[in-house]
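Trainee: Here's the letter readout for the chains.
Number of protein chains: 4
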Amino acid sequence: MDPSGRRPVLDKGWVQLEAYMGGDAAVIRGARICYQSTARTPDADERLIRRLMASEPKHNTVFEHAVFRFGIKCPLFVARQWMRHRIASYNERSLRYCIADREYYVPEGDLSQKDAYIEHMEASFDLYEQLIEAGWKRERARGVLGTAVYTEFIWTVNAWSLMNWLQKRLDPGAQWEHGQYAKAILEIFSEIMPVTASAFKESVLKL
Amino acid sequence: MDPSGRRPVLDKGWVQLEAYMGGDAAVIRGARICYQSTARTPDADERLIRRLMASEPKHNTVFEHAVFRFGIKCPLFVARQWMRHRIASYNERSLRYCIADREYYVPEGDLSQKDAYIEHMEASFDLYEQLIEAGWKRERARGVLGTAVYTEFIWTVNAWSLMNWLQKRLDPGAQWEHGQYAKAILEIFSEIMPVTASAFKESVLKL
Amino acid sequence: MDPSGRRPVLDKGWVQLEAYMGGDAAVIRGARICYQSTARTPDADERLIRRLMASEPKHNTVFEHAVFRFGIKCPLFVARQWMRHRIASYNERSLRYCIADREYYVPEGDLSQKDAYIEHMEASFDLYEQLIEAGWKRERARGVLGTAVYTEFIWTVNAWSLMNWLQKRLDPGAQWEHGQYAKAILEIFSEIMPVTASAFKESVLKL
Amino acid sequence: MDPSGRRPVLDKGWVQLEAYMGGDAAVIRGARICYQSTARTPDADERLIRRLMASEPKHNTVFEHAVFRFGIKCPLFVARQWMRHRIASYNERSLRYCIADREYYVPEGDLSQKDAYIEHMEASFDLYEQLIEAGWKRERARGVLGTAVYTEFIWTVNAWSLMNWLQKRLDPGAQWEHGQYAKAILEIFSEIMPVTASAFKESVLKL
Numbered sequence: 001m002d003p004s005g006r007r008p009v010l011d012k013g014w015v016q017l018e019a020y021m022g023g024d025a026a027v028i029r030g031a032r033i034c035y036q037s038t039a040r041t042p043d044a045d046e047r048l049i050r051r052l053m054a055s056e057p058k059h060n061t062v063f064e065h066a067v068f069r070f071g072i073k074c075p076l077f078v079a080r081q082w083m084r085h086r087i088a089s090y091n092e093r094s095l096r097y098c099i100a101d102r103e104y105y106v107p108e109g110d111l112s113q114k115d116a117y118i119e120h121m122e123a124s125f126d127l128y129e130q131l132i133e134a135g136w137k138r139e140r141a142r143g144v145l146g147t148a149v150y151t152e153f154i155w156t157v158n159a160w161s162l163m164n165w166l167q168k169r170l171d172p173g174a175q176w177e178h179g180q181y182a183k184a185i186l187e188i189f190s191e192i193m194p195v196t197a198s199a200f201k202e203s204v205l206k207l
Numbered sequence: 208m209d210p211s212g213r214r215p216v217l218d219k220g221w222v223q224l225e226a227y228m229g230g231d232a233a234v235i236r237g238a239r240i241c242y243q244s245t246a247r248t249p250d251a252d253e254r255l256i257r258r259l260m261a262s263e264p265k266h267n268t269v270f271e272h273a274v275f276r277f278g279i280k281c282p283l284f285v286a287r288q289w290m291r292h293r294i295a296s297y298n299e300r301s302l303r304y305c306i307a308d309r310e311y312y313v314p315e316g317d318l319s320q321k322d323a324y325i326e327h328m329e330a331s332f333d334l335y336e337q338l339i340e341a342g343w344k345r346e347r348a349r350g351v352l353g354t355a356v357y358t359e360f361i362w363t364v365n366a367w368s369l370m371n372w373l374q375k376r377l378d379p380g381a382q383w384e385h386g387q388y389a390k391a392i393l394e395i396f397s398e399i400m401p402v403t404a405s406a407f408k409e410s411v412l413k414l
Numbered sequence: 415m416d417p418s419g420r421r422p423v424l425d426k427g428w429v430q431l432e433a434y435m436g437g438d439a440a441v442i443r444g445a446r447i448c449y450q451s452t453a454r455t456p457d458a459d460e461r462l463i464r465r466l467m468a469s470e471p472k473h474n475t476v477f478e479h480a481v482f483r484f485g486i487k488c489p490l491f492v493a494r495q496w497m498r499h500r501i502a503s504y505n506e507r508s509l510r511y512c513i514a515d516r517e518y519y520v521p522e523g524d525l526s527q528k529d530a531y532i533e534h535m536e537a538s539f540d541l542y543e544q545l546i547e548a549g550w551k552r553e554r555a556r557g558v559l560g561t562a563v564y565t566e567f568i569w570t571v572n573a574w575s576l577m578n579w580l581q582k583r584l585d586p587g588a589q590w591e592h593g594q595y596a597k598a599i600l601e602i603f604s605e606i607m608p609v610t611a612s613a614f615k616e617s618v619l620k621l
Numbered sequence: 622m623d624p625s626g627r628r629p630v631l632d633k634g635w636v637q638l639e640a641y642m643g644g645d646a647a648v649i650r651g652a653r654i655c656y657q658s659t660a661r662t663p664d665a666d667e668r669l670i671r672r673l674m675a676s677e678p679k680h681n682t683v684f685e686h687a688v689f690r691f692g693i694k695c696p697l698f699v700a701r702q703w704m705r706h707r708i709a710s711y712n713e714r715s716l717r718y719c720i721a722d723r724e725y726y727v728p729e730g731d732l733s734q735k736d737a738y739i740e741h742m743e744a745s746f747d748l749y750e751q752l753i754e755a756g757w758k759r760e761r762a763r764g765v766l767g768t769a770v771y772t773e774f775i776w777t778v779n780a781w782s783l784m785n786w787l788q789k790r791l792d793p794g795a796q797w798e799h800g801q802y803a804k805a806i807l808e809i810f811s812e813i814m815p816v817t818a819s820a821f822k823e824s825v826l827k828l
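Protein chains in written order, with the numbering used here: chain C, 1 to 207; chain G, 208 to 414; chain D, 415 to 621; chain L, 622 to 828.
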């Protein structure tokens, strides 16, 4: 994590916790109001969260009172998958209004054709700038920029929806690049909601 | 507001702000990331919020990054309407697990038949207790309790969905009892998000 | 099922399929567009649905293109639980505008205090009518009617959200009365989407 | 509309109605169950829909019982905006599994730099194919393809959410290319739900 609180992901991306509300205590609040109960022993709350997480059918609502806001910088092809998760709120930098920064994802390692890839991405930014110069609308000129280009957005999401995203994006079948973001956010989640995250890893991720 | 932070509503109900995240600053964060802009003058942020609120079509997403959690005590017939608002999270005291408290709404004022009403509500609690005594399940015995009975729940909701609820429940066509809750929550909303609430009153409520 | 297509549930309730869209074919449509694939053998579609249902993490979106509308008559205490399921659309008979019918749930069997229960429910309707006679608003007078009273609503829901409801309401921990509605709707679901319902019973309900 | 039922949009895109449920009658069903009322005159239903559409606050739920499924082919930059509408279900051709077709949007008219644009888009497909040839994963190789590339998806959406999308995308402030899709879908909507669409044009679009 750099001084600004951004955790680097991929070659130029990052995630950053901007705000949160509730934490593990909000899960307990949600559960205990149903039963009008209180914890009788110090570890009763922790055991309650573990039981709620492990139960089938799921008790999703109690996890919805904990909420997070993250700032994210990632390639467009990752953002496209991300924003398919509908139980959340997003605002993204718009290339209808802003000029795209010359920043795109370059995969690590010794890849064949990597130079051709970089050359092409640079050429696409050159053309993008020419088109705007020539009077094309920004919203049209962006059509030449590949989905490897970086974008930025904020994401407000409750803990239940967050865990659903984590489960899907940490799965071995998910795209590796997206999984790197999920790993970074799982770390933050574990710091802010240690009991819930621990129960989630055990009961859902089976780590 | 009493010392515990509960604002009384109706004869035995209340609302209480339990937590919040974001406030007016979250709206600005959501709006400014789209344009990658910053405020140039001290009142630029306020003017931006007013413009977003007044615009048609609506810019709902920027208002979704501000989130609230309220505790609420209200009659069942109010809670039933309330929980029809789906973009929110609820957990409610369950009469499957808890024994109902002998608390029910009595309308103010000099109403004909008020004594008969009170007598009947008391009789319903007497019967409820007898049924449980006789071995009925709580979840069945509750069937004799009228919807004037009080319930308690927590409500996590973003500012956009909150304003939609406020607009509907402050409308003259809404049930008066529900409107009393909306008035109390509008006050809290105005304290926590003064700029957004002021713009909402002007552009949407037309106050 | 009676001639009108209503399946009786409990002593006076029913469920009825009013409309549907898509069925098993919609699940296939949703899945095959992702892969731009077509079925090579007659049973390929069925195997695909079974694989989608069994996979973890879940592929929920493909099941969302199949949609149902049901008409339902049930006790208020069942309707209250039902409408907590938020990914669906509801419209319910309103006791703000309509006069309540004198219909309430009476549990089957030889229950102690059953006469007292019936007597009380009748008395509550007597009082309800007196209050309205005396000039009380309907929306207030309803406060004396217990949640054993029947209500009617329509429910539009996609197959994914329907299965989530079924899983929760067919669970042994759910209220028995609600479970009776889930059983009736599982039958309808199995008629309209036989492959999906069969896979659901196997992979989720573990029947 | 061509023989397959596809309405052309832009240079290579289209929209197609695949299925629908309910129509204007579903709106009436939703509204009349609230009041337990029936139409007394032939045009009572039409007047009811117009009143519901014009009222403030909005009566959204009654419009949610009418549901549509569309097939859509559009540029990625249009699809990205489209899928930000969360009250709907989507499944899209995946470039993780499929090879992209060499199809991209070329704006109409006499645009400066149009040849350079076309040349670049062709070059990006050439490189895309080379990268895959060289062993890059499809999900990574797609990073060089611009958002002018066409994609295909299906969209299941209720009439309320559809009208919200139409209002936003028919607005003069919306991107012109997206608006062309909204125009085509407004035509289909008007054929399937003539009364609702007419009321929508009058009260919301102010046409």
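No wet-lab data here; the hints were simulated from the structure. Be a bit skeptical, because a hint or two may be false.
With a Cα cut of at most 16 Å, we get these calculated EDC-like pairs of lysine to aspartate or glutamate [unchecked claim]:
hint, chain 1, residue 1, chain 2, residue 2
1, D, 620, C, 171
2, L, 735, C, 171
3, D, 472, C, 171
4, G, 413, L, 666
5, D, 615, C, 56
6, L, 827, L, 792
7, L, 822, L, 645
8, G, 413, G, 378
9, G, 265, L, 645
10, L, 735, C, 202
11, C, 58, D, 522
12, G, 344, D, 470
13, C, 114, L, 792
14, C, 58, C, 202
Trainee: A separate judgement is required for each hint: does it hold in the structure or not?
Mentor: Evaluated hints:
Taking the CA atoms of residue 620/D and residue 171/C, the gap is about 24 Å. The hint is violated against a cut of 16 Å. Taking the CA atoms of residue 735/L and residue 171/C, the gap is about 43 Å. The hint is violated against a cut of 16 Å. Note on residue 472/D and residue 171/C: the hinted pairing holds, with a Cα-Cα distance of about 11 Å set against a maximum of 16 Å. Using a Cα cut-off of 16 Å, the hinted pair residue 413/G and residue 666/L is violated, with the two alpha carbons roughly 31 Å apart.
Of the pairs offered as hints, the one joining residue 615/D and residue 56/C holds, with about 15 Å between alpha carbons and a cut-off of 16 Å not exceeded. A C-alpha spacing of about 11 Å is found between residue 827/L and residue 792/L, which places the hinted pair at or below 16 Å, so the restraint holds. Between residue 822/L and residue 645/L the alpha-carbon distance is near 15 Å, which keeps this suggested pair within the 16 Å criterion. The straight-line distance between the Cα atoms of residue 413/G and residue 378/G is roughly 11 Å, inside the 16 Å bound, and the hint therefore holds.
A hinted pair counts as satisfied when its Cα atoms are at most 16 Å apart, and residue 265/G with residue 645/L does not qualify at roughly 25 Å. Only pairs whose Cα atoms come within 16 Å are accepted, and residue 735/L paired with residue 202/C is rejected, the gap being roughly 56 Å. For a cut-off of 16 Å, the pair hint linking residue 58/C to residue 522/D is broken: about 30 Å separates their Cα positions. Between residue 344/G and residue 470/D, the direct Cα distance comes to roughly 37 Å. Violation of the 16 Å bound is thereby established for this hinted pair.
Taken as a hint, the residue 114/C and residue 792/L pair is broken in the structure, with Cα atoms around 43 Å apart against an allowance of 16 Å. Only pairs whose Cα atoms come within 16 Å are accepted, and residue 58/C paired with residue 202/C is accepted, the gap being roughly 15 Å.
Going down the numbered hints, you'll see the structure goes against 1, 2, 4, 9, 10, 11, 12 and 13, while the others check out.
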